[in-house]
Amino acid sequence: MTVDIIKNENEAVILVAGRIDTATAPDFENAVNAVLQAFDNVIFDFKDLDYISSAGLRVMLRSQKSINAKFGTLKVINANETVAEIFEVTGFSSIIDIE
Amino acid sequence: MPEKSIREMNWLERGHYALATKTFRATIIGAIGLGLVAFVIGLGLYAFALGGQYVGTAFNLSRTAKGVLALKSYVDLEPLCSDVYAKYKSLSEEELAKNDTPEYEAIFSEFKDRDDYKKALDTLTYFKQTSDVYDIYLAVYDFDRGCLVYIVDPEDDESFTCYPGYFEYANAKEFNDMISWTEGDKRPYQIENTEKYGWLATSGLPLKNQYGEVYALVLSDVSLSQVGRGMRVFTLQFSLAMFVVVNLVAVFMTLHMKKHLVKPLNDISDAAQNYIKDRRDGRRDATHFSDLHISTGDELENLALIMADMETDLSDYENYLTRVTAEKERVGTELALATRIQADMLPNTFPAFPDRSDIDVYAVMEPAKEVGGDFYDYFLVDEDHLALVIADVSGKGIPAALFMMESKILVSNFAKQGLSPKEVLRQVNLQICDHNKEEMFVTVWLGILDLTSGKMVCANAGHEYPVLKSTKGDFELVKDKHGFVIGGLDCVRYTEYELELEKGAKIFVYTDGVPEATNEIQQLFGTERMLDALNDARDGTPKEIIQSVLWAVDVFVGDAPQFDDMTMLCVHYIGKEEGDDLANSKILTVDAVPDNIEKVTDFVNDELSALDCPLKIQMQIDVAIDELFSNIAHYAYNPDTGPATVMVDIEKDPLAVVITFVDQGRPYDPLKKEDPDVTLSADEREVGGLGIFLVKKTMDDVKYEYKDGKNILTIKKNI
Chain A
0 MTVDIIKNEN EAVILVAGRI DTATAPDFEN AVNAVLQAFD NVIFDFKDLD YISSAGLRVM
60 LRSQKSINAK FGTLKVINAN ETVAEIFEVT GFSSIIDIE
Chain B
0 MPEKSIREMN WLERGHYALA TKTFRATIIG AIGLGLVAFV IGLGLYAFAL GGQYVGTAFN
60 LSRTAKGVLA LKSYVDLEPL CSDVYAKYKS LSEEELAKND TPEYEAIFSE FKDRDDYKKA
120 LDTLTYFKQT SDVYDIYLAV YDFDRGCLVY IVDPEDDESF TCYPGYFEYA NAKEFNDMIS
180 WTEGDKRPYQ IENTEKYGWL ATSGLPLKNQ YGEVYALVLS DVSLSQVGRG MRVFTLQFSL
240 AMFVVVNLVA VFMTLHMKKH LVKPLNDISD AAQNYIKDRR DGRRDATHFS DLHISTGDEL
300 ENLALIMADM ETDLSDYENY LTRVTAEKER VGTELALATR IQADMLPNTF PAFPDRSDID
360 VYAVMEPAKE VGGDFYDYFL VDEDHLALVI ADVSGKGIPA ALFMMESKIL VSNFAKQGLS
420 PKEVLRQVNL QICDHNKEEM FVTVWLGILD LTSGKMVCAN AGHEYPVLKS TKGDFELVKD
480 KHGFVIGGLD CVRYTEYELE LEKGAKIFVY TDGVPEATNE IQQLFGTERM LDALNDARDG
540 TPKEIIQSVL WAVDVFVGDA PQFDDMTMLC VHYIGKEEGD DLANSKILTV DAVPDNIEKV
600 TDFVNDELSA LDCPLKIQMQ IDVAIDELFS NIAHYAYNPD TGPATVMVDI EKDPLAVVIT
660 FVDQGRPYDP LKKEDPDVTL SADEREVGGL GIFLVKKTMD DVKYEYKDGK NILTIKKNI
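Protein chains in written order, with numbering that gives the first Met the number 0: chain A, 0 to 98; chain B, 0 to 718.
Calculated from the structure, these hints are not laboratory results.
Chain B stretches covered by chain A per the calculated footprint, using a threshold of three residues with CB under 8 Å from any CB of chain A:
(1) 589-598
(2) 672-682
Straight-line C-alpha distance at most 25 Å; calculated BS3-like pairs for lysine-lysine:
(3) 672/B - 716/B
(4) 615/B - 46/A
(5) 118/B - 65/B
(6) 117/B - 65/B
(7) 478/B - 502/B
(8) 86/B - 65/B
(9) 696/B - 46/A
(10) 74/A - 615/B
(11) 585/B - 615/B
A quick note: this is a predicted structure, and the numbers were derived from the prediction, not measured.
No residue lacks a Cβ here, since even glycine has one placed at the ideal position from N, Cα and C.
Work the whole structure out from these sequences, hints included.
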């Protein structure tokens, strides 16, 4: 898994490639937490993400809660079919703004 | 001897039997005995001396009187004596019978008026009055009739007067001595107890005329009543003196005894008593005997010294014993530990391969001593090859156990490198010979079974014949070719042979402790009995088969002690189900740690890659593996770790993949967990419970089972 962060004026884009699973979730969380401290508006670009496991979903949930607390916005874009389905079945699609 | 022991006596009885009392009694009895003897002797001597003195008195008086009466100038008494004796002789028996009657006295009355009679009477009366003599008189002895015929007898009492001619019967011998007495002879005398006069000592001397003829005897009687009185006085005085002396001696002896015998003895017995008491109280360094200072110089001192030596020796010996016992206990503890370590060296969890249905393995090792030299081993060289090892190290105990450890590790290391059995044995032999200074050796049978084909390649380094059971047949010995034992020669090469195992075949290997188990009458159990026991359970599981042999040996041996280790290994080659060939289970066993998730994922993806599996499905399966395996890694053995096995099976019609996760951790059914409420808002949602929910949502079937101490979770995904 690799994480790239593109910092714009008032939003950050987090580009994730590979897999977010039990092994990589902690790295993913660290990267996300660093972004969340500096930005209120975050975009997750999952176009190169193969899949996300429940460990990754936990990071997404914590991120959403954190953004909600400071009234920012969180958006997921370019999720593939597998990832989209995971968001769907776990009900995350109703919590997180997925385009 | 007392009737009861000294421990049962009260103080009074003890006093009765005490040494001092015994001494006192013995002294008194001894002294009294001695005194009695002395008394008898003293009394006899006294009586003899006094008697002699009285006899002397009588003799001297007679002698004096004789001297006086024999003086011619005084008076010649011969005529008087002759006349009286002649008159007496002239009497008839009838007249003589009137002796001691006035009538008889009258016959001799004429003599009383003669001057010579009167003169003699005066003289004798004078002697009698001036001495202690009882009587002094003149008489003639008549040898014909044995009578003493009185001539002149002065008397102060009428009743005792003996007038001339009066006679008394008397013993001739003494009077003969008196008549024949001459100067220089022994004093003649007689002592007799007369009815008339009591005890009398009589001594007499002859009166002779100018021709030397005896015409009369001068006789003196001395009363011995004085002697009796003297003896009574002597007895009284002697008794008094003896009583005092005996008591003094007894007291002295008792005191002496107490000081020199009883006190040291009591000291020794007190020391012994204190010694015993101390030992009962657990004190061991007491010096009761060594502290005794008995210097009597006799056997008692010797006894005290011996007891002191004994005390020291006993104390030394006890200290030694304590040390040795402590050492023994330490060795015992270490041996017990060694036994555990050894037992843990061998694979001993059964079923040995819970996730495999094609083989069943069971083995036991029963060491005769705490640790033994036998071992068995089994392990998968790879997915399709099962290695079986049975071995017996020469000797017993710790050395054998150490040697066994090395042998076991070497065999398994070389076998796991994929070497063939003969090569494994050759390498192990080389390694062991390299440093086998103790010249120990080990017999090894090694077989590597191809689980797909049932072919088993074996090599035997001097071990017992293996036993093989074909699917439908009996257990039979395989008389294989033995190589030399391992550790004997470094240049040995081993040959190997191949056994074809049908599905359902069983192989049984063992160490010589089984056929060589011995009963009380020194009979060996033998391979025949072993084969019988095997065949009794031939259709059973390996566990049942081995237990049958164990039971048979147990019954056979009875109470006889087991001298050799007994080790057995049995494998049931079940083989794969028909048609399974297409859908072989693929198995991976790894430690249940998060780092192994990738390994498991790769393993499963390898299988999936052959199936043209769509990427999406593969992703979903990968997510499921991640969720389930991380669950096991985090929770099953927490905080420890343990093995987890993942099996992949491919099903056809419809094509599906079945993945089974097996762990031996704490029982946990993840399916019971309530699904998260997916309708809640982000702030209301919990972070947990998503993983298993995700699996349930993406997989076509999820099943959980807890069986034989294992969590078994199976997921199925149609492709």
